[in-house]
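Based on the sequences and whatever the hints tell you, model everything.
Listed below, chain by chain, are the residues.
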Amino acid sequence: MKKEDLPQDPGALANFTREVCYVKNQDGKYETALSEGWDVKKEALDNAWVDVNERIEEARQGVINGEKSPVYYFMELRLMDIPLLSGYTGFLSFFVKRHFKPSVFKGLSDTKLKKYADAFDITLDELKNFKG
Amino acid sequence: MSYDSQIEEFQHVQTAHCENGVTTALLRHNGLDFMTEPLAFGMGSGLFYIQIPFLTVNNGPAISFRTMPGAIFKRTCKSIGVDVKSKRFGSPESAEEFLNKKISEHVPVGCQVGVFHLTYFPKEYRFHFNAHNIIVYGKEEGRYLLSDPTMEDVTSLSVEELNKVRFAKGTFAPKGHIYYPENVGTVSDEMIRKGIVKGIRRNVRDMLHIPGSFAGVDGIRYTSNNIRKWRDKLGLKKAGLFLGQIVRMQEEIGTGGGGFRFLYGAFLEEAAAYLQDDRLIGISEEFTKSGDMWRAGAIQMAGVYKGRLTEQKSFDEIADRLLEIRSVEKEAFQKLSKLNLGK
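Heads up: the protein sequence lines correspond to chains A and B, in order. Per UniProt numbering, the first sequence runs over residues 1 to 132. Per UniProt numbering, the second sequence runs over residues 1 to 343.
Keep in mind that the hints were calculated from the coordinates and are not lab data. Fair warning: this is a prediction, and the values are worked out from it, not measured in the lab. Think of the CB as a built atom: it goes at the ideal place given N, C-alpha and C, for glycine as much as any other residue. One or more hints might be untrue.
Unchecked claim - The list that follows gives simulated cross-link-like pairs (lysine-lysine, BS3-like), each with its CA atoms no further than 30 angstroms apart:
1. B:Lys123 with A:Lys131
2. B:Lys289 with B:Lys198
3. A:Lys2 with B:Lys164
4. B:Lys87 with A:Lys2
5. B:Lys164 with A:Lys115
6. B:Lys175 with A:Lys112
7. A:Lys97 with B:Lys289
8. A:Lys115 with B:Lys87
Claimed, not checked - Derived contacts from chain B toward chain A, CB cut-off under 8 angstroms, selection only:
9. Ala16
10. His128
11. Lys169
12. Glu251
13. Glu252
14. Gly256
15. Gly258
As the list claims (entries may be wrong) - Taking CB as the label site, the calculated pair distances span:
16. B:Glu324 with A:Pro10: 23 to 33 angstroms
17. B:Thr119 with A:Asp9: 23 to 33 angstroms
18. A:Arg55 with B:Gly307: 14 to 24 angstroms
19. A:Asn25 with B:Glu324: 20 to 30 angstroms
20. B:Gly81 with A:Lys114: 43 to 53 angstroms
21. B:Asp33 with A:Arg55: 26 to 36 angstroms
22. A:Gly132 with B:Glu140: 14 to 24 angstroms
23. A:Gln61 with B:Ser104: 50 to 60 angstroms
24. B:Asp33 with A:Pro10: 29 to 39 angstroms
25. B:Glu285 with A:Phe94: 22 to 32 angstroms
26. A:Leu34 with B:Asn183: 31 to 41 angstroms
27. B:Gly81 with A:Phe94: 46 to 56 angstroms
28. A:Glu58 with B:Asp278: 52 to 62 angstroms
29. A:Phe95 with B:Ser104: 39 to 49 angstroms
If you want it as structure tokens, here you go:
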């Protein structure tokens, strides 16, 4: 990539940092240059977030319809999956999956719920009282 | 007892990639001023390609354009005779205690951290990715002073914030991983030349001779074959997300652009000067070409996730381009292999 072709399209990195890129200068030698971003990758990132937000909304509807427990919703909200949530809580994947069921969730002790609340960075009450 | 202290002489270095940056800054801090990001990357045989079959990460294909996390620091240090100290911990308390000890000894250290809870990162970039690297170079008023090599300036985190990112969970969970060079002696030009040659040879091996069909240059063909099927198999929307994930792995902050290929080109240019071997300049050009091709491919992939390209023909074109890239890189590494450097 030639130095003059380095894109400068502001994206989510604005107000955080410009990024180092390796470019060819006029003498055909490599040097570093700072870039504000590139629309091609910005759109890939935006697109990934549209998908994430759709999954969160689906999970919220699942809670409203009584098909999913708040654990499932907050897992999606925090961009987690089952193995990761299992890592943060110490519960085996099998049990995490069971805790997605509203009927099972209702019977969970505060001690267990607290582990989920901590993993999600929310209070016990927020987890218990989430209705969608 | 107060641990407040700042390692005054520490110089922040901004680089494309975090691990290269930690390696470069820590070695320079220890007196090895010749160290640059391309040199650290090349001596550490950083260039790679892999798509792990049947695995998805953040709901996309598991693809990487560079070598295993941690490998660059270890290999680069070792190749110039520098000892590597590396520690993981069972609890945040013991990890914090050790970190405080190093700071009080005026030793800046590399820390592996998770990005999801990294408060100074923009929200849009905070996915569960655990192989980010930063340097801790001091502690003031209860906050750790940090040098994040991907940033223009230094930053800081509270004790709780740093503990949290050092104990992120999931793939590559850092477990408080801390590392730093030790026993740094003088490094002669001859040692640097040997390190460069070793780095190139190992990279030739990784890209050409890893068994199986999904790593090295053959990995690019594996992804190419995948892409051809994505439109029918996943549908346009999901196929677009998958292509977007490739583009992000390839072009996001940390790569230097073109999936680290430009960075490798820059390394070969420096290598040519150290080894006084102009043949390396020519091969450097081939990596520039490969990087440019990856970027052209990214533009085409963006056409799909922007909804402009919808036909199978476009997926075939993208797949064909990846095959061309594979040929360019395969040939370049074969040439590197035939140079018989250091013999």
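If you test the structure against every hint from before, which numbers come out violated? Result: hints 3, 4, 7, 21, 22, 25 break, sorted rising.
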